[in-house]
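Using the sequences plus the hints, can you model the full thing?
Residue numbering for the sequence shown follows this note's numbering, beginning at -19 and increasing consecutively.
Derived from the structure by calculation, the hints contain no laboratory data.
What you are looking at is a predicted structure, and each value in this text was computed from that prediction instead of being measured.
We treat Cβ as the ideally placed atom computed from N, Cα and C, and that holds for glycine.
You may find that some hints are simply not true.
[Unchecked claim] Listed next, the in silico DSS-like pairs over lysine-lysine satisfying Cα-Cα at most 30 Å (straight line):
| no. | residue 1 | residue 2 |
| --- | --- | --- |
| 1 | Lys287 | Lys313 |
| 2 | Lys241 | Lys301 |
| 3 | Lys316 | Lys281 |
| 4 | Lys23 | Lys172 |
[What the hints assert, rightly or not] Now the in silico label distances, taken between C-beta atoms and shown as ranges:
| no. | residue 1 | residue 2 | range |
| --- | --- | --- | --- |
| 5 | Ala129 | Thr293 | 19 to 29 Å |
| 6 | Asn242 | Val164 | 13 to 23 Å |
| 7 | Lys292 | Lys113 | 50 to 60 Å |
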Amino acid sequence: MKGLTIFFIFTFIISFGQRSDFKSISFKKADSIANNYKGENLKNLPLLTQKLTSSLDTEVEKFRAIYTWVCTNIENDYSSYLKTKKNRKKINKDREAFLQWNSSFTPKVFKKLLHHKKTACTGYAYLIRELAKLAALECKIINGFGRTANLKLDKNSLPNHSWNVVKLNDKWYLSDATWSAGRVMIEEGEPKFIADYFDGYFLGEPSLFIKNHYPLDLDWTLMTTTPSFSQFINGPIVYKEAFSNGIIPVSPEVMHIEIQKNKSVHFELLQTKQFTGEEIALVIVNGSKSITSTPETIKVKNKCTLKHTFNKTGYYDVHIKVDGLIIATYTVKTRK
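This is the structure:
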């Protein structure tokens, strides 16, 4: 009896507006400056901007110092996020009203941020924009939808996230300070922010960024071809670790796959970096059973093909793991 065969394909792509444009630039100086001014208050933003950027020569280094400082000095305020979510719900079906409300609400968020150095995603994006503007960098707030394993969306979902685009050397780049700053854990029913800087959302690759960020204004995907909202919410779950590895799930476009046994499924992943992973595994979960499989692997430069065969019908969660980190999840249903 033949099983289900899955192929994972990694290949190299080149796209615009990604961090590799600055691979010749070291961010050590910018990060060091941000660290030197850790704990600075927000009462004088022009002075803070001057401290962070005056000794840096390039636009990208100036933005890096600002970004690193914000991500390592501002606490994610989950209670503020819940309040924002509640207010957004009141104007659910009126997009224009939402944009007007969001515009008026942002300064209120910023006022709290100035005093307490705590905020939700809108506050992070607002502070990034204000500091960037003071450094003579063109920067915008982008409102839209964020998607994670815990942020499940449907066609009626409300916008729930904000991030930034910044113009560097006449080119636009994507960044998400909120998700770079750390994570919120629920402990004994109460939210707790865990500061844990993550670099993957700094100048993100647009084709990867779109996997968990969908803007209201589609021009700010920074892509020539934009997936539909339906494709966005029905795609595979892509974790932040994919950003570290530069791995972009491309096909299948849907997370939930149903197939007859003995048929093949091809999973295609594009890679923006040279593939260096030595440890590649599939974590396959079926009910209460979980196995970690080392698949048959073929590597050719930036291309890696993984092969795994399913021998039984059933429902499977398939997690792709690279160097010990899960980067994406699909589900597979096999039937007779």
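Now the hints, each set against the structure:
At most 30 Å may separate the alpha-carbon atoms for a hinted pair to count; Lys287 and Lys313 meet this at roughly 17 Å. Of the pairs offered as hints, the one joining Lys241 and Lys301 holds, with about 24 Å between alpha carbons and a cut-off of 30 Å not exceeded. Restraint check for Lys316 and Lys281: not satisfied, since their Cα atoms lie roughly 37 Å apart, outside the 30 Å limit. As the CA atoms of Lys23 and Lys172 are separated by approximately 26 Å, the hinted pair is consistent with the 30 Å bound.
Here the CB-CB span from Ala129 to Thr293 is close to 26 Å, well matched to the stated 19 to 29 Å. At about 44 Å, the CB distance of Asn242 to Val164 disagrees with the hint of 13 to 23 Å. Distance hint for Lys292 and Lys113: a CB-CB separation of about 58 Å, consistent with the stated range 50 to 60 Å.
When held up to the earlier numbered hints, the structure conflicts with 3, 6 and fits the remainder.
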